[in-house]
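Order-wise, the sequence lines are chains A and B.
Residues in the first sequence are numbered consecutively from 1017, following this note's numbering.
Residues in the second sequence are numbered consecutively from 860, following this note's numbering.
The set of hints was computed from the structure by calculation and includes no laboratory data.
Just so you know, not all the hints are guaranteed correct.
To be verified - Cβ-to-Cβ under 10 Å is the rule here; a few derived chain B residues that face chain A:
| hint | residue |
| --- | --- |
| 1 | A906 |
| 2 | R934 |
| 3 | Q991 |
| 4 | P1041 |
Claimed, not checked - Simulated restraints, written as ranges between beta carbons of each label pair:
| hint | chain 1 | residue 1 | chain 2 | residue 2 | range |
| --- | --- | --- | --- | --- | --- |
| 5 | A | A1338 | B | D936 | 49 to 59 Å |
| 6 | B | T937 | A | I1358 | 24 to 34 Å |
| 7 | B | Q991 | A | L1515 | 45 to 55 Å |
| 8 | A | D1482 | B | G871 | 22 to 32 Å |
| 9 | A | T1408 | B | V1100 | 52 to 62 Å |
In this text, a Cβ means the ideal position worked out from N, Cα and C, and glycines have one as well.
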Amino acid sequence: MTDYPTFEHDVIVIGAGGAGLRAAIEASGSGVSVGLICKSLLGKAHTVMAEGGMAAAMGHNDDRDNWKVHFSDTMRGGQYVNNWRMAELHAKEAPDRVRELESWGAVFDRTKDGRINQRNFGGHRYPRLAHVGDRTGLELIRTLQDHGIHQGIEVYMEVTVLSLLKDGDRVVGCLAYEREHGRFRIYKAKAVILATGGIGRAYKITSNSWEGTGDGHALAYDAGAELIDMEFIQFHPTGMVWPPSVRGILVTEGVRGEGGILRNSEGKRFMFDDIPDNYKDQTSDTEEEGWRYVTGDKNARRPPELLTRDHVARCIMREVKAGRGSPHGGVYLDIAWIKEKIKDAPEHIKKKLPSMYHQFKQLANLDITTTPMEVGPTTHYVMGGIRVNADTQESTVPGLFAAGECAAGINGANRLGGNSLSDLIVFGKRAGEHAAIFAKENGHGTLDNAAIEQTAKAALEPFDRDGGENPYTIQHDLQEMMQANVGIVRQHDEMVEALNGLDALKSRAARTFVPGNIDFNPGWHTALDLHNLLVVSEAIARAAIERKESRGGHFREDFPGKDPEFAKFNYSLKKSEGGGMEISKNPIPEMPDYLKEVIEEMG
Amino acid sequence: MKKATFSIRRGGRETAEMVDYQTEVSEGMVVLDAVHQIQAESAPDLACRWNCKAGKCGSCSAEINGMPKLMCMTRLDTIPLDQPVTIEPIRAFPAVKDLIADVSWNYEVKKRIKKFKPRAPDAEDGTWRMLQEDVDRVQEFRKCIECFLCQDVCHVLRDHNKHEEFIGPRFLVYAAALEMHPLDTEDRTGDLKDMHGIGYCNITKCCTKVCPEHITITDNAIIPLKERVVDEYYDPLKRLVKLFRKK
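Whole structure, please, built from the sequences with the hints as guidance.
Structure below.
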């Protein structure tokens, strides 16, 4: 019998970024007891890194905007393999969720008539992103945090979940350890919500923090849930590339939304060279028209720098490969040039992009108001994740819900910038609501002590060995391999090599050695996170091998074109009876007529 | 490549010592990179907090050569490397292990500050109208990343340990953001005077100096709040009026 401390709640939320906090607020508001587990301290989750804004068709800056345009933009950006129901709900509900934040104290930038100001962003036809300078994520998380602490939510900081606990088919809690003393603890719950964010740490160049190790993806997978769309990884076109220690840190798309342009080493604005057919009608032909667009001319079309992220990232790669890159292997992102167009440009830039200004000033010794930045693609976001019911966010395992980046469906093959923050609050709320309903309808389950003991024992093995692999080295090797073999440009042989490489890494991960004791030991934490990284990496590689076409965030050098056959299904990955990873096709249900009409109407 | 020496606090809540580590220094490196390199090379169990590595989350606060800073934003080429660089946890709070401080007190303090209470919506659709110039000041306060460096240097907390009576600059900024929010209708002046101990601050401005977000903590947040308290409770005319009202 285990005697680990046990905490009991109706609903346990794992992850305290935007989605987790919003879910916890909703669930606790409906009268159930909620425990919120944070891997870090409260308010530090990766949501704080979101810069540009949250997309919601409020139409404040252009009254032609509405849910239909947002829906069709999201579907087009996702190349039509999205879960259309999620895209619909998201487009319809985002405005209310944003207004709700204002009623909880969020202070968005304002329009001249005193409403929430909205900015342009890639793939969005009209100015749609509610924002606060370039620190919108911080505003979101702080608003939810400050609202949530008065709701009676029990917050467990610096606790990491090791496994979900099941009673038969149903999830009934989780086993975790607290960081300070490394002690195990059990959380019993009638429903569990995963809101653990992304997987960026599987790659060498990433905008993600140490937390982005695919925990929710792997926890769900191990508990028998399905993952879908794992081949779709978003490489954000503009990460910092120099100096080496900051490589990968995000440079917001807001720079381009405010008029920033991309140039190669020859000074050419190369984004005009390749505009995809399905965006030709919406994209400006001349630099002059592009400038009119970013300064609010409703008759102008957007500049090609604001095409979708997958496309911009590939254009940058093309320039670098062709030898037209910047000295450190990127291209130039120039916002300083707007001084040709407006007075007080330096002040304007500092006001609109304050944290970008500081980030470059402090980390790269570069003044963005006078000098172009060097930027290149960075692993930013995973479109793939836990397969959920669009309305309830319940996974394929009863009692297990998911929201935010770790859930999949809304984004299809490529996410539009700004759709993530709104995804967090729209589906965070829905997950909280439906997990609470589930908790009210179901009692607590019975815990499987043998499973708990087995997981706990395995977790301590790195201390029992006399020597072995350094977990940091394994993580590093995994990142190198995924970057090289399953990165922005993919091909069959390299990915098969990656699968073999993953097998080797798995056996090394089973031989990790960690010195010291269980008190706040990052070496041990790194060793424990390896399992999750290996699961998501394998899922990415397997799905990417199968998808023999190029679409959105998945680009195959050996299959560079889009194949309509592959638009008919999502790849789904599941743990087989024998323990191996099984891949299958999930047909995409046919879109109802009213949504088809919206797509047609919007062109 | 050249090597540098980092003298890092190692130990738990009770006992600790400074341990020297050498690691290679490359162009553009920040202190947090050095700590990560040391973890990967020679001290896997060296505990430190970090998340965004871009000065946006406020997790990696530490005292570098005695100066409170974010490790992720402190470039090595801004500090002398000919002698060991000392790295210690922030000292206004109990040390937990190595570079980790127990900052849980801050989370408790925040709960004691009355929450946001908006006025009724301005428009029929349930929304409000606010002008940009009316929210500029509040947006400055809301830039706070809760790194607690201001709490760390505040002598009321650091030297006089008034954690029971004084909420510290971070939460005065938080209270100011609520008090000056155009929509807020709550009154926190009484609490600021009695529960939150605003009188303890004698405006030495140390907090403003260390703020990585460059929030003008003392001038823009604390002094206006102090003025509100004075107006409300120490204005002789108002006291007279109150006295008569009571009768």
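To see whether the hints hold, each was checked on the structure:
1. The closest approach between the C-beta of B/A906 and any C-beta of chain A is roughly 4 Å, which is under the 10 Å cut-off, so the hint is satisfied.
2. Taking 10 Å as the C-beta contact cut-off toward chain A, the hint placing B/R934 at the interface holds, the least distance being around 7 Å.
3. Because the beta carbon of B/Q991 sits about 4 Å from the nearest beta carbon in chain A, less than 10 Å, this interface hint is met.
4. A cut of 10 Å between beta carbons decides the hint on B/P1041: the least distance to chain A is about 9 Å, and the hint holds.
5. For the pair A/A1338 and B/D936, the supplied restraint of 49 to 59 Å is violated, since their beta-carbon distance comes to about 34 Å.
6. Between B/T937 and A/I1358 the beta carbons are some 33 Å apart, a value that agrees with the proposed interval 24 to 34 Å.
7. The hinted range of 45 to 55 Å is satisfied by B/Q991 and A/L1515, whose Cβ atoms lie roughly 53 Å apart.
8. Between A/D1482 and B/G871 the CB atoms are about 25 Å apart, so this pair conforms to the stated range of 22 to 32 Å.
9. Under the hint 52 to 62 Å, the C-beta atoms of A/T1408 and B/V1100, about 59 Å apart, fit the expected range.
Hint compliance for this structure: hint 5 alone is broken.
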